[in-house]
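Visitor: Residue strings, one per chain:
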Amino acid sequence: MGGGLTIQGINTDITIDVNGDYDGFNVSDVKTCTIRDLTIDISDIDTSTLSAISVAEINNHFVQIENVRILGNTSYDGRGITIQSDNVQVEDCHISQTDCGIYVQSGVSSNVIITNNSIIDCGGRLIDCYGNRSSIAGNFFNGTQGNLVTVLSGNNNTFTYNQLKGNVDTCLWINGGDFNSISYNKILGTVINEGIATNTGITIGNDADNNIFVGNLVTNFKNIGFEDGWGVFVSEPNCNNTYFIGNIISDNDVNLVDQGTDTYIN
Amino acid sequence: MSERGTQAQSIVIIAVILGAAGLAFGIISTVTLLTIQVEECPPGQDGQDCILDSNMYLCSSEDELLAAITDIGTDDGYIWIMQDITLSAMIDLNSGGGFNHSRDKY
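Residue numbers (my numbering), protein chains in the order written: chain B, 1 to 266; chain A, 1001 to 1106.
Okay, chain B solo, but in the shape it has when bound (with noise of 0.2 Å):
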């Protein structure tokens, strides 16, 4: 694959400005598109459904944005990148105090690819996936203003050699997904000190069925004087046939919670 549209900088310090409450690219229609060795700065962005790359790529061509920091501002306003099509690949781009670090939209966005990327202090949803078949691995996440931290909503999506973190609320939650595989990952909770109510490595969410974690590290999720920080929590009996399989989930308040229906432990 090769041709067309490519902007570059000459390094990553050559910034783009967004001056105003607006998108910076959005790409809509091109034969393929790279976005590559630039800084996004969307301080001045305001709502949060605003994107420093949005792309709505008509015919689903190939578009990839690769070493691009986004950077926003306390405010925690606007999305480092919203995905709304399919064949999107999104490596080694650092994004810092947006809302949404990666958006990927339900319905419109397969075939995501998602690796190498530095995403800490959102003010929301570090990463959003709502869609199907896409690959997010080798990714970092450091959530620090009490949110969740990863969502995947979509289905047959992988998840694999991610380190997270996160100060409370959840880690990775599943949320309503089927068939995802989730490997390898390093899932890092906090100790809280007092008053948070939830503070959990994995939560499987309402309606999630047949997934499957391998291999994972799920450890320090420890609530004090509250209630119990959870490593892994199944969270209804319409969760089916969720599989664990070799992971370590240990130095949690509590390891494993599950209400789910025919969850295998091995």
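Worth flagging that the hints you see were computed from the coordinates, not collected in a lab. Misleading hints may appear alongside valid ones.
[Stated by the list, open to error] To give an idea of the interface, some chain B residues facing chain A are shown, with a C-beta separation under 7 Å as derived from the structure:
1) T6
2) Q8
3) I10
4) D29
5) V30
6) T34
Even for Gly, the Cβ is constructed at its ideal location relative to N, Cα and C.
Given chain B, work out where chain A should sit, using these hints.
Guide: The following block gives chain A in isolation, referenced to the frame of chain B:
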């Protein structure tokens, strides 16, 4: 003046004339090339910011970036951002329907 001295003077004059002609040719050629280069640059760029016979664009402002995107259109193109740029509006990467027939091609 001797005949030999007259011949030497003639040779010097001829050399000066040839040199001047060469210099003039060089200047004219250079000006012509620069003129061509300026004429073939996409709108919004100055003559030094485009490279002839390629789809490579060196952009240092929002106007140049927009002009390069417009000039590339449905072709292949490579845009280098040379310095910090402040956007006054969203940059829409939209060929205007130029690829809507080609989903199975790539």
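Visitor: Hint by hint, note whether the structure agrees.
Guide: To see whether the hints hold, each was checked on the structure:
no.	hint	result
1	T6	holds, 5 Å
2	Q8	holds, 6 Å
3	I10	holds, 6 Å
4	D29	holds, 4 Å
5	V30	holds, 5 Å
6	T34	violated, 9 Å
Consistency note: the structure conflicts with earlier hint 6 alone.
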